[in-house]
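Chains A and B, in that order, give the protein sequences.
Take the first sequence: its letters are residues 22 to 655, numbered as in our numbering.
Take the second sequence: its letters are residues 2 to 118, numbered as in our numbering.
Simulated from the structure, these hints should not be mistaken for laboratory data.
There may be inaccurate statements among the hints.
Some chain A residues judged to face chain B by a derived CB distance under 7 Å, without partners named [stated by the list, open to error]:
hint : residue
1    : PRO318
2    : VAL320
3    : SER322
4    : ARG432
In silico DSS-like links for lysine-lysine, alpha-carbon gap of 25 Å or less [said to hold, decoys possible]:
hint : chain 1 : residue 1 : chain 2 : residue 2
5    : B       : LYS4      : B       : LYS55
6    : B       : LYS4      : B       : LYS109
7    : B       : LYS109    : A       : LYS451
8    : A       : LYS448    : B       : LYS55
9    : B       : LYS55     : B       : LYS109
10   : A       : LYS484    : A       : LYS464
11   : B       : LYS55     : A       : LYS484
12   : B       : LYS73     : B       : LYS55
13   : A       : LYS464    : A       : LYS451
14   : A       : LYS484    : B       : LYS109
15   : A       : LYS396    : A       : LYS451
16   : A       : LYS408    : A       : LYS396
Every residue gets a Cβ at the ideal spot worked out from N, C-alpha and C, and that includes glycine.
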Amino acid sequence: MIDDHLGLEILKEISRIASSTLDLDETLEQIIQIIKNKMRIDAIYLAEDPGNLLHLRASSGLPLEASGQVKLELGKGVTGWVAEHKCSLALPEAMQDPRFVLFPEIQEERFSSMLSVPILFDEACIGVINVHTLDRREFSAVETAIVETIANQVAGALRNALLFHNSQRLLKEQTILYDIGLAVQTTLKLEHGLWVILSGITMGEAGGFNRAMLFLLNEKNHSLDGEMGIGPDSEEDASRIWAEWGKKKVDLLNWIMVEADKDEFKHSRFNRFVRSLSFPLVGEGNILTETALQKQPFVVSDPHQHPLVTREFIETLGVEAFATVPLIAHETALGVILVDNRYNHRPITQEQLRLLTRFTTHASWVIENTRLFGKLLDTNQELLSTKEQLIEKEKLAALGVVSAELAHEIRNPLVSIGGFARRLEDKLRKVSAEHTGIEDLEKATEYSNIIHTEVNRLEQLLKNILLYSQAGALNLEEASINEIIDETISIFKSGLYGKNINVNYEKCDNLPALFIDRQKIRQVFINLFYNAMDSMPEGGELSIETRTQPESHPPDHVTVRIEDTGGGIPQEAFQNIFNPFFTTKSSGTGLGLSICRKIVESHGGTIHIVNNIGSGITIFIHLPLQKPADYYKN
Amino acid sequence: MIKVLVVDDEENIRLLYREELEDEGYAVTVAANAKEALEAFRSTPFDMIVLDIKMPDMDGIELLRIIKEENKDIPVVLCSAYGRYKQDFRIWACDAYVVKSADLDELKLTLRQVLSA
Ligand SMILES: Nc1ncnc2c1ncn2[C@@H]1O[C@H](COP(=O)(O)OP(=O)(O)OP(=O)(O)O)[C@@H](O)[C@H]1O
Ligand SMILES: [Mg+2]
Ligand SMILES: [Mg+2]
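Same shape as in the complex, but just chain B (with noise of 0.2 Å):
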């Protein structure tokens, strides 16, 4: 079973991605913040890791930072509520960047596609 990390600091977003994915067949592990993150990173290999960008004390960036130094090979998908981070030159160290919708469709294509290339 693929395994997917999935960050994001607001309870109902992770239990909503932890639902969807895990019908899409995925294996999922969720972290509320960098902090979690970066233990279950170290402590389990994942396949691919779903970050959110505004949290709490370190935001998403600097931890897709964080995890490229230390792994540069694991596929990570930025999955944010902004739009305009899509300009900002940082987040080019990602996969790829979807924008949280209500429909998790793109999201889904997303995952499958960054696990192929």
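Okay, chain A solo, but in the shape it has when bound (with noise of 0.2 Å):
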């Protein structure tokens, strides 16, 4: 069937595709199209990376389904014994051979003679070519010296076409890398510039995994938790993506500024599903913290038979065959990527975990930086802080300098007009009982009253004013704030009882004496109870509760609650409320819960109110049981 002649021009059209043509697929199928129209070979099997599987690659008169299904281990079969020991084998009763084994999806059955013979490529067999023959035949030296040349032009022309192959690859990977190294430097967003990687990782043109999970190290719980997913969510889902992504030839990395702003990837399934997971670093290791701590890569093709993968493990994640890497900064790790092919269920390559390792380092470097960047605006936001602290602090000063002679000056005019008007007043008020149904009269009392009401007003501001500008300014001696309370809460007994609010007051007992400033803590309690009293015009509670905190002892601070029932504070209010002269009263100044702060802080303490709008408001005080620095003092 094969002689000299038809063996050269075989040989002389193969050489001249094997010069020509550079595409793998290509150059295999133009290679099966000639030996196929010449002479009846019937299959061309190609060992791959990772290297122990023979993959069935072209074929004539073989079922077309065959074709890309077909693996055959290394060492099995006819072909599989040829690829292993590198030399030809001619058999005439191909199924009386013990080496023989049926694959009923190639239908060998029908055949009776085969020769077999490995593709050689540097010392190593790349292949086999298989020659089958429906009659009995006795393959002569002539025909299997033949196609071993054949084997060889083949074994050329692959290698043209690998090496062609791979340069390809490389440019390609270049370009992509290039790609995502410039699309995650214009993000500074730690999840966008994460979100690249990963896509990178999972999309077709580069890394080509099916599904990428990032993992990082949470410091404080001990543990790597799920950060994000990217992936199909489901098959039919996986091949959508894909059939899209092969449309999509646009430009890469614009394609993916524009994806990774809508953010769309957060609510995938996948990624929430990641995101809920976290494996604790102690205790029992699994391949992901072994990953991180050992900081190593690990492929799994065999996830059942490997020690590290609990059968747990296999069905959280529904993973096959998978691969993990570390990411890793500075010799530290950050976290892991662990990747997979699901739903194509390919074999990963050692092309793909080169790639990994690449993008990996990516992962890192994205990581670390936007680290460091947060970093810096974490300094930035202090320094800035600091700054407007400082500003505020002179701001109060010259407050308390001019406002103190402003108010002297201020405060003397008050004092003649009110103290006439009232003076005025109570003179009309005699006139008018002797002479009675003058209107007038009455008015000209009316007037006088709005006018000494109306001084009162100012001189409360004033009082205020100097109040606010002189909080600081302590006179410490040892106190006991529930004897405070009770003061104050005397002080407006008639007022509460008169708008029918009820006092309800848990003392705390062994409370600890602290130093204070009586007269100005007072005055805290003072300014809070008004506001109380204020929003609850209808009546209500009022709640005070002292304790000491920690409960555990030793106790480092003493807490008052204070707490209304007047229906809380509106959301576009309640952020003004401690600022000074922000008031939403027709009568307020504006000032009382600025100089209750300053107040509490120039002891050192804290104060901070829970506003429940509908139902009131919670203040808490907070004193500390220490004696404040001296720098409170002044």
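With the hints as a guide, bring the two chains together.
This is the structure:
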């Protein structure tokens, strides 16, 4: 069936292909086409990285669906034997040979004889060419030699195609990495940078994995926490996404930037699933934590056999074959990336792994950079707020001096105006008591009353401004908070009673004495009680509670809780209530709460308000038990 | 009748205080500055002195020092539009300190307390 002449013709054509076409699959296709036309060669098997499986890559006379499906293990069957022993085998009675294994997909039972020749390349067998005949046949030495020569030519063609393929791949890889690097540098949000990288890992033309999961080290909890998952939610989703990617032959960088901004990935079921995972770093390790701890990648082709992979792990993550790589920056592990090919079941190739490590280097940079950037932002923020605080302090000091002088100058005329308005009112009242029914006289009495009430208000404002500007100067003495609250309650007693407000005071009995300025702390409660009263014109509950904290011994501060049922504060107003002069009341000065805060803070304490819109507010005042530092005294 | 000397540089205030205190039953003498005040203080025995702080020439605190040096038993009530003098150690020499207000009730109460002490 094969003679010298035919052999030469075949060789000529094959060498032409080998020197012209460079794409691997195309080369194979053309070679098989020639052989099919000229002689009956039935199958070319090629070994793939990582090496121990032979794939049927091209064939003629074999069922079409066999191509790509059939995988032979090295050493298995005649083909496998040839591949392993790297020498040709001619079998007139193929089925009788002990090495023969029947592969139903190939329907080999139709054939009688078989010639199997290895394709050798740099001492290694990279494939096998099989020739089958329906009739029984003794292959001659010449025939064997011709097929071997063809195999050599094929090897040469393959070598070229492979080199081309590799350089193409490297080029593409460089472009993709460059694009991704650029995309990463242009995003400052950590999650966007990570998304870009994980997308790169899963994109068909780059890493090509079906799914990628990122876990980051949580130093506080000593765990590896799921941070992000990129991949289809399901098999249908997978084919849809890959089809879309196939169509998108757009600029990769652009595409990445646009997609990252959409934030859509966050809502995928898979992402949410990954984010719900957490693996403790202490105790019994698993493959993820070991990847991080040993700073080493793992490739797991059969998870059921792997000592670091539990059944539970396989089931939770739904993995078959998978790989893990650590993210490392400055020699410390930041996290782990896990990848697999869950949907197309392709084995993980060396090429994919190599790309993966390059992507993870990028990911480590991203994380490290964002962290550094975050630190920079924090420091900057700190500086800014310190500056603001300084300005605020200066302003207040200036306000203090100015307001004291101003208050003095304003107060004197006010005293005259108000004082005489009172006298006027008194006199008018006396006169109208004697001469009833004179309308103008009654009006005049009313007017002078208005003058003195308004003067009262101005005086209150002055007093508050002065209090505010002097709130920091303390006259410290040992005093009991309970006593001060008792005093304040008794000052307010009739007012509260008149407004139908119930006072409920839960006193902590063994409250230690505090070093405080009595007057000023009393002022705090006075202001707060006024506010509470104003908020409950129709009556309500005012609850006060004192206690030490923390409840375990020794406590380090005293907490006073004051709660009203005045309906709380509208959200827009709430953020302003501590601002000097902010008020929602027609006759308020808006200094009440700012004075409270100043006084409490000058004692080294804190005040904060929990606003329950619709029910009321709760004020918490914490005062330290130890003497405030001297710093606070002026 | 209890004799009170009121020292203030503002005429309206003097008038207001005189009328209010006279209504309370005091015999009131007024002085517009430290010089007038010292003349009155040295010529007439008073039961009590009400002193403004901020005045031209000599302020109330210096006047307080002179008065107390000459007669440490005479009660002196400082009555000023300043709030912060409460923190000034030099006013410890006085018997009471009242912040000026259109409402004179606090002053009147203080005068009664100081006299009965
Ligand atoms: N207990 C409260 N319930 C509801 N709103 C409150 C309460 N306390 C304060 N507020 C709101 O906070 C604003 C600021 O309070 P702050 O005490 O500083 O000034 P003010 O009460 O308006 O004036 P002033 O204290 O001079 O009477 C109030 O005008 C009010 O709107
Ligand atoms: Mg208030
Ligand atoms: Mg004056």
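Here is what the structure says about each hint:
The criterion of a C-beta within 7 Å of any C-beta in chain B is not met by A/PRO318, whose closest approach is roughly 72 Å, and the hint is violated. Taking 7 Å as the C-beta cut-off, the interface hint given for A/VAL320 is violated, the closest approach to chain B being about 78 Å. Interface restraint check for A/SER322: the shortest CB-CB distance to chain B comes to about 83 Å, outside 7 Å, so the restraint is violated. Interface restraint check: A/ARG432 against chain B, minimum CB-CB distance 4 Å, threshold 7 Å, status holds.
Of the supplied pair hints, the one linking B/LYS4 and B/LYS55 holds, its CA atoms being roughly 23 Å apart against a limit of 25 Å. Distance check on the hinted pair: B/LYS4 and B/LYS109 sit about 14 Å apart at the alpha-carbon level, within 25 Å; holds. Under the criterion of a C-alpha separation no larger than 25 Å, the hint pairing B/LYS109 with A/LYS451 is consistent with the structure, at around 22 Å. At most 25 Å may separate the alpha-carbon atoms for a hinted pair to count; A/LYS448 and B/LYS55 exceed this at roughly 31 Å.
Proposed proximity of B/LYS55 and B/LYS109 is supported: the alpha carbons are some 21 Å apart, at most 25 Å. In summary, the hint linking A/LYS484 to A/LYS464 is not supported, as the alpha carbons are separated by about 30 Å, beyond the 25 Å threshold. Among the hinted pairs, B/LYS55 with A/LYS484 is consistent with the structure: their alpha-carbon atoms are about 18 Å apart, no more than 25 Å. As the CA atoms of B/LYS73 and B/LYS55 are separated by approximately 22 Å, the hinted pair is consistent with the 25 Å bound.
Taking the CA atoms of A/LYS464 and A/LYS451, the gap is near 14 Å; set against the 25 Å cutoff, the hint holds. As the CA atoms of A/LYS484 and B/LYS109 are separated by approximately 20 Å, the hinted pair is consistent with the 25 Å bound. Of the supplied pair hints, the one linking A/LYS396 and A/LYS451 is violated, its CA atoms being roughly 75 Å apart against a limit of 25 Å. For a cut-off of 25 Å, the pair hint linking A/LYS408 to A/LYS396 stands: about 18 Å separates their Cα positions.
Hints 1, 2, 3, 8, 10 and 15, counting from the list given before, are not met by this structure.
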